[in-house]
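Sequences and hints are given; from them, build the entire structure.
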Amino acid sequence: MEVKNLATTIFRIPEVEGRWMVMSGLAIVCIVLIMAIFAPLIAPYDPTKSSGEILEAPSMKHLMGTDNLGRDIFSRIIYGSRVVLMVVFSASLVSMSIGVPIGLISGYFGGKLDRAISMLMDSMYAFPSLILAIAIAAVLGPSVVNAVVAISVVYVPTYFRMIRGQTLSLKSRLFVEAAKAIGAKDTRIMGRYILPNIVTTVVVVFSLSVADAILTEAGLSFLGFIVTAPTPDWGFELSAGRPYLPAGYWWMITFPGLMVMLLSLGFALIGEGLSEIYAPGRER
Amino acid sequence: MASLKAYIVTRALLVIPTILILLTLVFFILRILPGDPIAAMVGQKVPPEVVEKLREEAGLNKPLLIQYFEYLFNIARGDFGKSMIWGKRPVIDEIMIRFPATLELTIFGFALSVLIGVITGAIAAFRRGSKVDASMRIYSIVAYTLFIPWFGMLLQMIFGVYFRLLPIGGRITPGSEPNTMTSLYVLDSILTLNFNALADSLSHIFLPALTLGIVLSGAYTRLLRNNLIDVLSQDFIVAYRARGVKERKVVKHAMKNAFIPVITLMGLQFAILLAGAVLTETTFSWPGMGTFLLERIQYRDYTSVQGAIVFYALFVALISLVVDIVYALLDPRIRY
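Chain order of the listed sequences is A and B.
Note that my numbering has the first sequence beginning at 1, numbered continuously upward.
Note that my numbering has the second sequence beginning at 1, numbered continuously upward.
Errors might be hidden in some of the hints.
As the list claims (entries may be wrong) - Computed footprint of chain A on chain B, listed as stretches where at least three residues anywhere in the stretch have a Cβ under 8 Å from a Cβ of chain A: (1) 10 to 24; (2) 88 to 99; (3) 102 to 108; (4) 131 to 144; (5) 306 to 315.
Stated by the list, open to error - A short, non-exhaustive set of chain A residues, derived as facing chain B with CB atoms under 10 Å: (6) L120; (7) M124; (8) A138; (9) A218; (10) G241; (11) G248; (12) V260.
What the hints contain is simulated information worked out from the structure, not anything from laboratory work.
All values derive from a computational prediction rather than experimental measurement.
We put the CB at the ideal spot given by N, CA and C, even for glycine.
Listed below in structure tokens is the structure:
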């Protein structure tokens with residue numbers, strides 16, 4: 001039902017600016033998704049094998065040029081989208097499925113438990129996210145799975161704080177009081193009365209935190225905590241291209257970094273647009 | 001004023017639990033997470049005796065609870081342990097060599113982000129609804145999604161490689177360091193009236209600080225725009241204008257009122273600033289805390305890694321205290 005609401009909101013409500021943002025964000029994200037799913041069909045060359053001279057400038061044969069080992073950068077970017085999307089989506093789903101229930105329970109029951117959890121979450125939130133992720137990734141060792149763990153830990157407080165706040169304001173509303181008065185159980189109130197009302201918040205927080213997680217993933221990858229050669233990953237490509245920058249080989253870093261920005265921008269536009277549609281009046 | 005003092009004291013005491021939680025979190029991540037930090041950092045190729053010796057050196061062979069209290073006690077004494085490589089120097093000494101570089105970079109990055117954000121936000125607000133306003137709104141989102149190493153390298157490519165105007169890495173040309181007092185090269189150069197060093201250090205800090213500044217400015221752009229639009233529609237501004245007060249004065253009053261939430265944002269942005277500094281330092285070979293942390297992770301220097309992260313935690317707690325106190329000084333409504 002919520003999904004249908006979401007769709008009607010996007011397509012019918014004459015909130016021109018918010019809608020424009022959501023639509024262009026969705027377009028970017030869909031293009032990258034198609035790239036990732038159909039990578040073998042789209043990529044002209046094998047991303048891990050040499051397919052031309054080394055450091056060839058962009059041409060019709062190699063749209064984005066070749067890297068220091070003669071591999072086609074366009075193909076590496078297409079395959080690289082798989083790692084980014086996989087890491088970021090799994091991490092965000094994990095943090096969401098931890099952060100949302102804890103936020104709901106903490107906000108609903110309140111008391112000492114709530115204060116203790118809030119203090120912990122606030123401290124984590126205050127700590128620079130990338131440094132926290134680096135610490136976790138360094139202890140666990142570089143790998144895709146460990147990167148998912150590191151990134152998911154970092155974004156739990158984001159969900160927790162938003163959901164707790166929403167739950168706090170919803171639990172004093174009349175319809176919740178009414179449910180309590182007719183003897184509904186706590187689990188039922190949380191699941192049937194409060195949760196449906198925070199779904200839109202979850203969707204907005206998800207898009208915005210994915211936008212941020214993409215940058216964290218790229219950062220970790222750039223620093224060498226996610227993949228090792230020859231696996232393509234956008235952030236990692238930048239660290240490979242960095243030594244060739246002073247000699248003027250701009251194409252090794254320009255395209256992968258541009259993709260990081262575009263994908264992050266796509267999710268940010270979806271999140272910002274949705275929050276504008278759902279909270280009108282905030283925008284003037 | 002008595003209540004202000006009381007507030008500051010209470011707020012300062014509240015730093016203790018915050019620091020305790022952060023330190024416990026760091027301890028938890030480094031010791032209790034599945035896996036042995038030393039084994040994970042050293043890799044599989046090292047014989048078990050060596051791993052055991054390293055564990056002993058780092059104090060990791062004792063019971064966890066004892067480790068925890070030793071860890072807290074040592075930090076309280078300012079003892080961050082000894083580095084596990086080379087001269088086995090005290091970690092705190094190494095951090096003190098690297099920290100000023102990060103501090104300098106973050107101060108400049110921060111100043112630029114506020115400056116750029118306030119200017120763009122004010123322009124957007126005063127030309128509300130225009131094309132300029134719309135493009136500033138897009139700017140505020142795009143700036144945030146810029147990937148720091150990428151944006152930094154683009155600037156390096158344009159200003160360093162193509163136009164050859166600015167250096168693309170390092171803090172200063174080796175050999176031209178000013179006589180140091182604060183280890184902040186720009187400040188030292190000014191204090192010692194060493195203008196060569198001043199020009200040199202400014203040319204080195206410009207690109208990394210601009211990278212950080214632009215990426216962080218988007219949030220200020222948006223916040224200031226929305227606040228300013230709010231303030232501009234309030235009665236006192238309408239009254240000013242009705243009385244024929246000069247537009248420049250009106251702007252000044254409006255800006256003053258719109259600025260208070262910006263200070264809150266400065267505090268919130270601080271964590272992002274530090275995280276961004278890690279990537280900026282790596283991109284620009286800036287010898288600060290971020291490059292220190294990453295270098296020591298590579299060298300498997302466990303005590304230094306722990307020290308660096310603990311130092312970040314203490315720094316974060318301290319800054320949040322300072323921000324709250326400054327905020328209380330500026331806004332008399334905030335008191336306990």
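Do the hints match the structure? See the list:
1. 10 to 24: holds (count 4)
2. 88 to 99: violated (count 0)
3. 102 to 108: violated (count 0)
4. 131 to 144: holds (count 3)
5. 306 to 315: holds (count 3)
6. L120: 6 Å, holds
7. M124: 7 Å, holds
8. A138: Since the shortest Cβ distance to chain B is 5 Å, the answer is holds.
9. A218: 5 Å, holds
10. G241: Hint holds; G241 of chain A Cβ to chain B Cβ min 8 Å, cut 10 Å.
11. G248: 6 Å, holds
12. V260: 4 Å, holds
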